[in-house]
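In the working numbering, the protein residues as written are 81 to 239.
Be aware that a few hints might be false.
[Said to hold, decoys possible] Ranges of calculated distance between the beta carbons of each label pair, as one might list FRET restraints:
1. Arg144 with His226: 24 to 34 Å
2. Glu90 with Glu142: 40 to 50 Å
3. Gly186 with Gly94: 38 to 48 Å
4. Asn131 with Gln200: 19 to 29 Å
Bear in mind the hints are in silico, worked out from the structure with no lab data behind them.
For each residue, glycine too, the CB sits at the ideal point set by N, CA and C.
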Amino acid sequence: MPEYDHKLIEYVRGLDASGLQHNFSISAVRPPPDAEYENAAFFNFFIAGRNTGYATLIADHEARYVQWIHFFPHSRKEGLERRGIGTLAHVAAIRALVERERPEPGFEVMHTSPTRNRLQHMSAMGLRTSEPLRDYMGKSISYANHRGFRFDNPFDWPR
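Use the sequences and the hints to build the structure in full.
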């Protein structure tokens, strides 16, 4: 493991939820030319400016659903597990998609082939593999805020 990875891991281990959220960012990226999914939203996750993972989501306005395709919040950095990064990335990605695509609160959220770890995390958050977006967003934000992060719900904003 490169030295900068060790330094990032040690840095993250010293952060509380507020510090982690302050050092976390999400960036929408253009889909690769050979993207498997049309109209997908691709997001990269960063901690202290270093890319740590990514997510791919789709908002289908005709079929009225949001679908998680890929979710790897710390795929590029081993040793960051169990630090709240998954929770932070999860809420940041779904909020970014809602802000960008403006799906209605009644859209259904679905997960494509979630891993066992992902299912466990979803269960801890009170989430199901398919449920209305408004409920999903509310549960996600409530869980994240309970863990010490600070998010507001975009469905509570004026439209």
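Verification of the supplied hints:
1. Between Arg144 and His226 the C-beta distance comes to about 29 Å, which sits within the given range of 24 to 34 Å.
2. In this structure, Glu90 and Glu142 meet the distance hint of 40 to 50 Å, their C-beta atoms being roughly 47 Å apart.
3. Between Gly186 and Gly94, the C-beta spacing of about 42 Å keeps the proposed range 38 to 48 Å intact.
4. The beta-carbon spacing between Asn131 and Gln200, approximately 25 Å, falls within the hinted interval of 19 to 29 Å.
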